[in-house]
Amino acid sequence: MANMNLYSRGDKLFVIVNMILIGLFAISTLYPFIYITSLSLSTGFEARAGNVMLTPVEFTLEAYKRVLIEPQFWISYRNTFIYTIGGTLMSLAFIIPGAYALSRPQLYGRRFWNLVVAFTMWFNAGLIPFFLNMRDLGLLDSYFGIIIGFAVNGFNIILLRNFFEGIPQSFEEAARMDGANEFQVLWKVYVPLSKPAIATVALFCIVSRWNGFFWAMVLLQDEDKIPLQVYLRHVITELTDDESFGAELINAPYSVETVSAAIIVCSIIPILLIYPFLQKYFSKGILLGGVKE
Amino acid sequence: MAGFAKTGGDMSGVNLQGLVKAYGAVQVVHGIDLDVQEKEFVVLVGPSGCGKSTTLRMIAGLEEISDGDLTIDGRHVNRVAPKDRDVAMVFQNYALYPHLNVAENIAFGLRIRKTPKDDIAQQVQEVGGILGLTDYLERRPADLSGGQRQRVAMGRAIVRRPKVFLFDEPLSNLDAKLRTQMRAEIKRLHKRLGVTSIYVTHDQVEAMTLADRIVVMHDGRIEQIGTPMELFLNPANTFVAGFLGAPPMNMITAQIVAGDQGPVAEFGGQRIVLQPLPSLQNAVGKTVTVGIRPEFAKAVDDSQPDRVSIEVDLIETLGSEALVHATLQGAPFVIRTDTVGQMEALGRIGGFTVDAHLVKVFDGETGLALPGQVLNQ
Numbered sequence: 070m071a072n073m074n075l076y077s078r079g080d081k082l083f084v085i086v087n088m089i090l091i092g093l094f095a096i097s098t099l100y101p102f103i104y105i106t107s108l109s110l111s112t113g114f115e116a117r118a119g120n121v122m123l124t125p126v127e128f129t130l131e132a133y134k135r136v137l138i139e140p141q142f143w144i145s146y147r148n149t150f151i152y153t154i155g156g157t158l159m160s161l162a163f164i165i166p167g168a169y170a171l172s173r174p175q176l177y178g179r180r181f182w183n184l185v186v187a188f189t190m191w192f193n194a195g196l197i198p199f200f201l202n203m204r205d206l207g208l209l210d211s212y213f214g215i216i217i218g219f220a221v222n223g224f225n226i227i228l229l230r231n232f233f234e235g236i237p238q239s240f241e242e243a244a245r246m247d248g249a250n251e252f253q254v255l256w257k258v259y260v261p262l263s264k265p266a267i268a269t270v271a272l273f274c275i276v277s278r279w280n281g282f283f284w285a286m287v288l289l290q291d292e293d294k295i296p297l298q299v300y301l302r303h304v305i306t307e308l309t310d311d312e313s314f315g316a317e318l319i320n321a322p323y324s325v326e327t328v329s330a331a332i333i334v335c336s337i338i339p340i341l342l343i344y345p346f347l348q349k350y351f352s353k354g355i356l357l358g359g360v361k362e
Numbered sequence: 005m006a007g008f009a010k011t012g013g014d015m016s017g018v019n020l021q022g023l024v025k026a027y028g029a030v031q032v033v034h035g036i037d038l039d040v041q042e043k044e045f046v047v048l049v050g051p052s053g054c055g056k057s058t059t060l061r062m063i064a065g066l067e068e069i070s071d072g073d074l075t076i077d078g079r080h081v082n083r084v085a086p087k088d089r090d091v092a093m094v095f096q097n098y099a100l101y102p103h104l105n106v107a108e109n110i111a112f113g114l115r116i117r118k119t120p121k122d123d124i125a126q127q128v129q130e131v132g133g134i135l136g137l138t139d140y141l142e143r144r145p146a147d148l149s150g151g152q153r154q155r156v157a158m159g160r161a162i163v164r165r166p167k168v169f170l171f172d173e174p175l176s177n178l179d180a181k182l183r184t185q186m187r188a189e190i191k192r193l194h195k196r197l198g199v200t201s202i203y204v205t206h207d208q209v210e211a212m213t214l215a216d217r218i219v220v221m222h223d224g225r226i227e228q229i230g231t232p233m234e235l236f237l238n239p240a241n242t243f244v245a246g247f248l249g250a251p252p253m254n255m256i257t258a259q260i261v262a263g264d265q266g267p268v269a270e271f272g273g274q275r276i277v278l279q280p281l282p283s284l285q286n287a288v289g290k291t292v293t294v295g296i297r298p299e300f301a302k303a304v305d306d307s308q309p310d311r312v313s314i315e316v317d318l319i320e321t322l323g324s325e326a327l328v329h330a331t332l333q334g335a336p337f338v339i340r341t342d343t344v345g346q347m348e349a350l351g352r353i354g355g356f357t358v359d360a361h362l363v364k365v366f367d368g369e370t371g372l373a374l375p376g377q378v379l380n381q
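Heads up: the protein sequence lines correspond to chains U and V, in order.
Position 243 of the first sequence, counting from 1, maps to 312 under the numbering used here, and the rest follow consecutively.
Position 96 of the second sequence, counting from 1, maps to 100 under the numbering used here, and the rest follow consecutively.
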């Protein structure tokens with residue numbers, strides 16, 4: 070953009086249309102954040118009247134106060150952390166060695182195993198068989214069921230496998246000459262060299278775990294084990310019809326809408342905080358300088 | 005420094021017997037026999053795809069051996085893992101771990117082998133000193149120049165004190181000047197450490213300057229083994245003659261005829277007198293390939309009566325010497341000649357003469373040198 074004279078009229082038009090489209094996309098992505106945040110900071114009356122659009126109306130923190138004194142909120146919050154951290158670690162523990170094995174040319178039946186993994190990306194058993202399977206394994210209503218049940222993801226394995234395949238083989242050979250066994254080659258060479266890819270896969274896992282709602286709703290009945298997203302659903306669907314909560318709302322400065330919005334904002338914050346820590350891996354090519362291409 | 009003095013008197017030679025590499029039905033190395041002596045510096049040289057790197061990788065343990073026997077230090081190692089062969093390898097692309105600094109790269113192998121930390125630190129310092137890397141130990145590979153990276157790669161190999169060093173075209177990624185410099189460093193290092201070394205390159209200058217013995221390979225076979233000068237002066241066949249030497253040996257197709265004082269090579273109405281050797285006399289009437297090194301042909305002007313006439317196309321002046329590019333029987337013919345005090349004469353070149361003992365004659369069909377033509381160093 071520094072020197073627009075280099076562009077023809079058509080190029081300029083293309084750039085302008087692009088910028089407009091990107092701008093619209095950015096707005097459409099940002100607006101729900103802004104709206105929900107504004108809603109959570111407005112009074113219940115204004116929220117229910119539909120007066121909140123961009124900025125908070127009659128600014129108040131009452132909805133947050135109401136959310137934070139609720140024990141179930143903290144239980145669900147803790148559970149979400151357990152599912153996210155435990156699930157991500159479990160996923161990486163499966164995905165990294167799996168991807169490494171699939172990337173090795175010497176793996177016996179490599180094509181077949183790759184096909185097996187890829188197959189799971191296109192087809193799965195479906196809701197009922199999966200539920201029955203989990204029930205028969207005694208994994209309903211358990212932390213472990215949620216953590217192990219979704220630990221392996223074909224897409225992430227293929228993603229990481231492709232990255233491993235892109236690492237020059239001479240690194241592995243050099244490590245083997247230096248005396249490293251397969252595990253050491255993976256752990257001391259491939260994993261450090263693959264930080265950007267592993268960070269990407271970890272972020273995918275974290276986001277999907279943090280936002281995990283459907284399977285948690287299906288597999289968990291025990292309120293002590295439900296994650297934040299399921300709790301949010303309880304708030305939205307059940308509190309609306311709850312008589313005692315209805316009575317509480319009569320003179321309260323908050324409403325079901327503002328309380329729900331406050332929970333959503335609280336649930337977004339941790340995931341927003343993680344991204345800056347992982348971002349450096351996305352923008353940095355760590356392989357630079359190791360081999361001469 | 006005592007730790008990196010020359011190794012003691014233990015036998016650490018490498019022996020290849022009938023070494024074969026096949027990928028399915030395709031055989032790429034067809035039974036290599038080679039005996040590398042302890043402390044020897046052997047260079048495998050040949051064009052791309054000749055099987056030299058594959059042979060080296062079989063010695064390293066990075067490629068499975070399809071057939072034949074490999075012994076290192078008297079031990080049969082066909083089925084021994086790379087890490088247990090006591091060999092170290094310097095890779096063409098350095099293969100330095102980019103996430104580790106120089107010291108950590110050098111120490112990697114020692115760490116894997118659980119060497120005590122104090123020993124590692126001491127050995128890294130020693131190797132850093134030997135290779136002039138002391139000031140760079142904390143740097144990452146990305147922050148080093150090509151030559152420094154190559155030195156780190158060598159440091160990683162040296163620090164383990166292996167019985168055998170393997171070099172896989174280690175200088176091919178460096179620019180010409182650095183390559184010359186590093187070549188000398190490798191030679192010096194070998195003298196200092198005295199470790200058996202096998203070095204792969206496609207650059208015949210590297211082979212000539214570094215090797216105690218050169219192994220010329222072609223199409224998965226060994227064409228000839230010998231000292232650089234043996235191979236330069238007495239190539240066993242036209243392939244070796246054409247591969248070693250820059251510019252390569254000139255080749256002329258000729259017929260051997262009987263002359264007044266012995267055999268003569270005749271072509272296009274011109275003649276070159278040959279040595280009166282029985283093998284050449286017996287070849288009278290046969291078609292042969294006559295080989296003349298650019299250094300051995302003496303450029304002369306038109307007045308020389310016994311000259312072979314050539315048509316000069318171009319003269320490349322390189323400083324103290326020049327390359328005269330000419331045509332003989334439709335094929336290129338190059339003469340290397342001095343320039344000092346001769347610049348005027350260069351313009352009058354019309355042919356060359358050559359001493360009979362400096363002419364190599366090869367069988368026209370097999371390409372093998374006819375026997376008995378030995379040029380002493």
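What the hints contain is simulated information worked out from the structure, not anything from laboratory work.
It should be emphasised that the depicted structure is a prediction, and the values quoted were computed from it without experimental measurement.
Certain hints may be false.
[What the hints assert, rightly or not] Below are the DSSO-like pairs computed for lysine-lysine, each with C-alpha atoms no more than 27 Å apart in a straight line:
| id | chain 1 | residue 1 | chain 2 | residue 2 |
| --- | --- | --- | --- | --- |
| 1 | V | 121 | U | 257 |
| 2 | U | 257 | V | 181 |
| 3 | V | 290 | V | 43 |
| 4 | V | 87 | V | 181 |
| 5 | U | 264 | U | 349 |
| 6 | V | 87 | V | 118 |
| 7 | V | 87 | V | 195 |
| 8 | V | 118 | U | 264 |
| 9 | V | 87 | V | 121 |
| 10 | U | 294 | U | 134 |
| 11 | V | 118 | U | 257 |
| 12 | V | 191 | V | 181 |
[Stated by the list, open to error] A partial selection of chain U residues facing chain V, derived with a Cβ cut-off under 7 Å:
| id | residue |
| --- | --- |
| 13 | 249 |
| 14 | 261 |
| 15 | 265 |
Backbone N, C-alpha and C fix where the C-beta goes; we use that ideal spot for every residue, glycine too.
Violated constraints from the hint list, given by number and in increasing order: Of the numbered hints given earlier, those the structure breaks are 2, 3, 4 and 15, listed in rising order.
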